[in-house]
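Chemist: Okay, here's what each chain looks like letter by letter:
Protein chains: 2
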Amino acid sequence: MQWTKVLGLGLGAAALLGLGIILGHFAIPKKANSPAPQDLDLEILETVMGQLDANRIRENLRELSREPHLASSPRDEDLVQLLLQRWKDPESGLDSAGASTYEVLLSFPSQEQPNVVDIVGPTGGIIHSCHRTEENVTGEQGGPDVVQPYAAYAPSGTPQAVNAAKHGVAGVLVYTDPADINDGLSSPDETFPNSWYLPPSGVERGSYYEYFGDPLTPYLPAVPSSFRVDLANVSGFPPIPTQPIGFQDARDLLCNLNGTLAPATWQGALGCHYRLGPGFRPDGDFPADSQVNVSVYNRLELRNSSNVLGIIRGAVEPDRYVLYGNHRDSWVHGAVDPSSGTAVLLELSRVLGTLLKKGTWRPRRSIVFASWGAEEFGLIGSTEFTEEFFNKLQERTVAYINVDISVFANATLRVQGTPPVQTVVFSATKEIRSPGPGDLSIYDNWIRYFNRSSPVYGLVPSLGSLGAGSDYAPFIHFLGISSMDIAYTYDRSKTSARIYPTYHTAFDTFDYVDKFLDPGFSSHQAVARTAGSVILRLSDSFFLPLKVSDYSETLRSFLQAAQQDLGALLEQHSISLGPLVNAVEKFEAEAAALGQRISTLQKGSPDPLQVRMLNDQLMLLERTFLNPRAFPEERYYSHVLWAPRTGSVVTFPGLSNACSRARDTASGSEAWAEVQRQLSIVVTALEGAAATLRPVADL
Amino acid sequence: MQWTKVLGLGLGAAALLGLGIILGHFAIPKKANSPAPQDLDLEILETVMGQLDANRIRENLRELSREPHLASSPRDEDLVQLLLQRWKDPESGLDSAGASTYEVLLSFPSQEQPNVVDIVGPTGGIIHSCHRTEENVTGEQGGPDVVQPYAAYAPSGTPQAVNAAKHGVAGVLVYTDPADINDGLSSPDETFPNSWYLPPSGVERGSYYEYFGDPLTPYLPAVPSSFRVDLANVSGFPPIPTQPIGFQDARDLLCNLNGTLAPATWQGALGCHYRLGPGFRPDGDFPADSQVNVSVYNRLELRNSSNVLGIIRGAVEPDRYVLYGNHRDSWVHGAVDPSSGTAVLLELSRVLGTLLKKGTWRPRRSIVFASWGAEEFGLIGSTEFTEEFFNKLQERTVAYINVDISVFANATLRVQGTPPVQTVVFSATKEIRSPGPGDLSIYDNWIRYFNRSSPVYGLVPSLGSLGAGSDYAPFIHFLGISSMDIAYTYDRSKTSARIYPTYHTAFDTFDYVDKFLDPGFSSHQAVARTAGSVILRLSDSFFLPLKVSDYSETLRSFLQAAQQDLGALLEQHSISLGPLVNAVEKFEAEAAALGQRISTLQKGSPDPLQVRMLNDQLMLLERTFLNPRAFPEERYYSHVLWAPRTGSVVTFPGLSNACSRARDTASGSEAWAEVQRQLSIVVTALEGAAATLRPVADL
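So the sequence lines, in the order shown, correspond to chains A and B.
Read left to right, the first sequence gives residues 1 to 699 (full-length UniProt numbering).
Read left to right, the second sequence gives residues 1 to 699 (full-length UniProt numbering).
It is worth saying that the hints were derived from the structure and are not from the lab.
Take these hints with a grain of salt, some might be off.
All copies of an identical chain are treated as equivalent in the list; a pair is satisfied when it fits inside any one copy or across any two copies.
Claimed, not checked - 20 Å max Cα-Cα, derived SDA-like pairs, lysine to any residue: (1) 430 / 537; (2) 88 / 697; (3) 586 / 225; (4) 586 / 455; (5) 494 / 297; (6) 547 / 455; (7) 357 / 698; (8) 430 / 458.
Next comes chain A alone, as it looks inside the complex (with noise of 0.2 Å):
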């Protein structure tokens, strides 16, 4: 070989190798240096989807329904130490798992004294009583643990009257009609064992609260040591003893009134027609001159009441909780009520919670499961968690997801939600098969029973708004967290039942869900698949899926209603809705260009920490609507466009208040201040909402 033949080779060989470090360098992407961020995995879903189980959902409802579990009750106990064991599973458990117990304010009937309600003739005998307890129809309606039905919080007292007292009631009965929860229908042969319907001597638990939470700690987590307001000055307890009756004895006491015929719309299916009275009927079962004695010995009692929490600790971000809950204690066994929701809550936390301890998978966030104490006293142990954890739970939850009830019944599925939420739960919906006939999914099955006409999406399903019938009304009114409540229900043309007709009754058992509501459980399925893949969504997608531009709607649905319901009578009073007009037309603008941004960043590969930056604006818009002093009479309720609505026009809250008691009573220049006042109020929410949603770096 000739020298210049090497040196030839030998630099035509460092050629090559720094060509080839060159390439190796710049032309392949390091993967172990820039990892694809977490997102949502579709097989995981798939897989999550495909054993989520509803033989499982139902042998959980079995187990959970077996005993009345009353707050507090040892029964209540007992499935505290379920949900532990279940969430502390080495195979199908959580990361971690505790209870944490409040010392709270609940309301008993007593047991050696029952509540009565007789009809005493004029001798002072009693001549007609009222049942006190439910008829034991299937066995289980006469355990010592079936609770009398009693209405919580309602003060003892013996009252005695016929509807007599024109302008001081003494004393309260309430029944519920058969025309509003079974059909009209009431004979024992149509109801519960032999249909769905609530048999006659089935009465509606509940409380009589008018608040929620703990009533001793309003805004303070009921620990032991907390300051407790005294007795004397609580507010919210009815003012007059209370006391639910079934409707066989609304029947006999009902239809043997005498007086002028009651209003129509009064009318109900006992079969006779309803008077107003004073006093019985002449030609009735009693004395004329016979009085109704209610006697009424609630007891009030501080409660240990406990919430069960477990987490699964999210990979990416930890500090990113997105919350799923229900309650746990029931009136009497309660297999609707909470029972379905929790029945699949545990169908969810063992599918996820065995991937998870097979390594298979974990959360890009953290998924908290709760099951909240005491919801039927009033929301108490939701409510006691966000007053200990306001702060914490405000910063870094991403949405809070209810099932309580999960299936009403089998037609389809029904979700109350903020906007933000309605794109996740039709992400999912679409992609899950609705039980029943036919080849549908859940969502073209949702849009056939609840459906509006969207000016930006057409025909879609219906989301309801969320008041405080369940415990996520802590989350979405003191913390301005997005939430949502899911759950499967009525074909309305099928029934007229105000809700399913044994709620809160002692006949709201596993055998009734499993032979009438839910045979098969596909729907508790249904909504426990829905459920799942709204979670894995908000807990695994690398860009949040809530989508904020669809406050849009709303902003601009309350706007119309304003400016065509309320603008006349405003202009009257010389308050001009045009800065309204310009903060929802800001809003408008600003989520869409946010919107812009995100398509525009899903296309390159953005990096976590501005993904990071953008989901926060979209996780922490809803906490821009909370104002605490918007709406100081009422309580823990701060949010801007969801407070409670008395006015009848459906526009901001705040706004249709002020407005109705300014019209309504011959009101001056101070109700109408008010009226300003609150709409500035409004106006500077949606401003600060359009502010948050700019671009970080202009303020």
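Guided by the hints, dock chain B onto chain A, whose structure is given.
Modeler: Here is chain B on its own, set in the frame of chain A:
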């Protein structure tokens, strides 16, 4: 060439290229994909420190204080334009700048009908008049833009009396005694322009409004459309006519008073014995039955007042804001108050802006410069800003740095702030040379004047706590943002002046600063460097230099004060401090553990997202001490550790105040219930704070 050779060479070449590719890909770290995270750059820091120029600060001050610039005056508007021009300068400006205007209620004396204080003889004739203006000592006290001395928001009226109406004070005269402001000196040759002391005609103006923010729009931004409280319903204005006068006029009145001798602590340096009245001395300058007539003609006016904001966009975390501000409006020329701060602000923005425009530097986080309007009337501009952007600022602001009066005197640094900012101020000041003789750092000089013995650090400079004396108030008290106020100040062994003597008078001029307060402007430069270093550290450090564990010392000292000074009393009323002890201990433990985790992480090469999560815990800690329902009677104050304390025990203010009220009045159980409630509010806040410091996936 033979085929085998060619093949051999070809294979060899391929192998070399391949080896090169492999080496290039695996052996050389890929800079572009995983750059070291942007962190504080000590070279940039040194450059900034070096470029902050004393003479430029001096020139800024000359321009800023050239004319009186009372809030909303034409000159105030000129300065808005000056700021905008500087911040939009193509070579030394910021990324963006803009002014935002609020319509706010200010108070001015009438130009047509000046406020007067006269002595009226027995026959009704005026026998003596107080000066209506300050003496034109330097040619700057006589211009048309020098506002007549007045008490802003004091109502109009013309009361007449001589301290006679014992139980019905009709008007108030206010003056500053030479004992309090002039170290006892009062003759013209001992005062400005011959010294820094206040001339005899000097009058301190000020706002007499009790709260802060625009009086007509509490909790709402004072944009034109916002709801305004009816004037008749505004609370917080002084109830009776009030007028400030100079001490030469005060001498005429006070030294001629009759009656018993005033208490020793009321005596001053006017050269006579102060008496309490009623009436004048028979042997004095005025007939004994003369009267003092006070005529106040102040007018409330809605005026436009602007904030100016300038932004440097963060390179990595633009949604994290380091806010740095000062007010712009003065009472007269306001060379010290506030222009000494604004002169520093402009120099800092110039130096940082220049680096930015050169492309040398861009901070990790955004820096926001603010020039607030109408501070002198009650922190109005800053308060309206926090009302307008409440949520956005609360979610994103790392800290607020205030430099109002930057130099009171030349002796030492003085910092007020919340505990988490202590460390960053210490770090900054240890690296900056102190002005004046010797080779001390600002830190080493500071510790000689203000120090305390810390159980953790030993002897350290002591930070003061933040009251409501400048624009930091809404940031710390209303938004819960870690805040600080930075200035250079007195050697207290050399003067006992309550504040620099020409405060809020027409003698607070450029020459006053240039000759007496800070000749050479080295103290201004020291403040600029301190603020600059703090801003750079907060905006550029990868790990936020907010040391939350420094709150432990405060909590521990508040707890000890509660135990020592209130413990026995509380025990008598069956109120236990046990839960507070537990909460403080829990906070201490969690803060220490978080500190440990940060240390560990700092030793590795943590992921930016991981650090962001930790930083969020640090940034948001201060927020967890807010409770908007804690002090319903205190406007804006929500911080349970720093709300105003009226009780004498230096502990948690709500507890201190409630105890003080319960003890002072012969109060019943309700006052003690309020003590218990305040205790629970603090315990809940501390437990919540500890919870936010825990590892984020632990609930």
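Chemist: Among the hints numbered above, which are violated by the structure, and what are their numbers in rising order?
Modeler: 5
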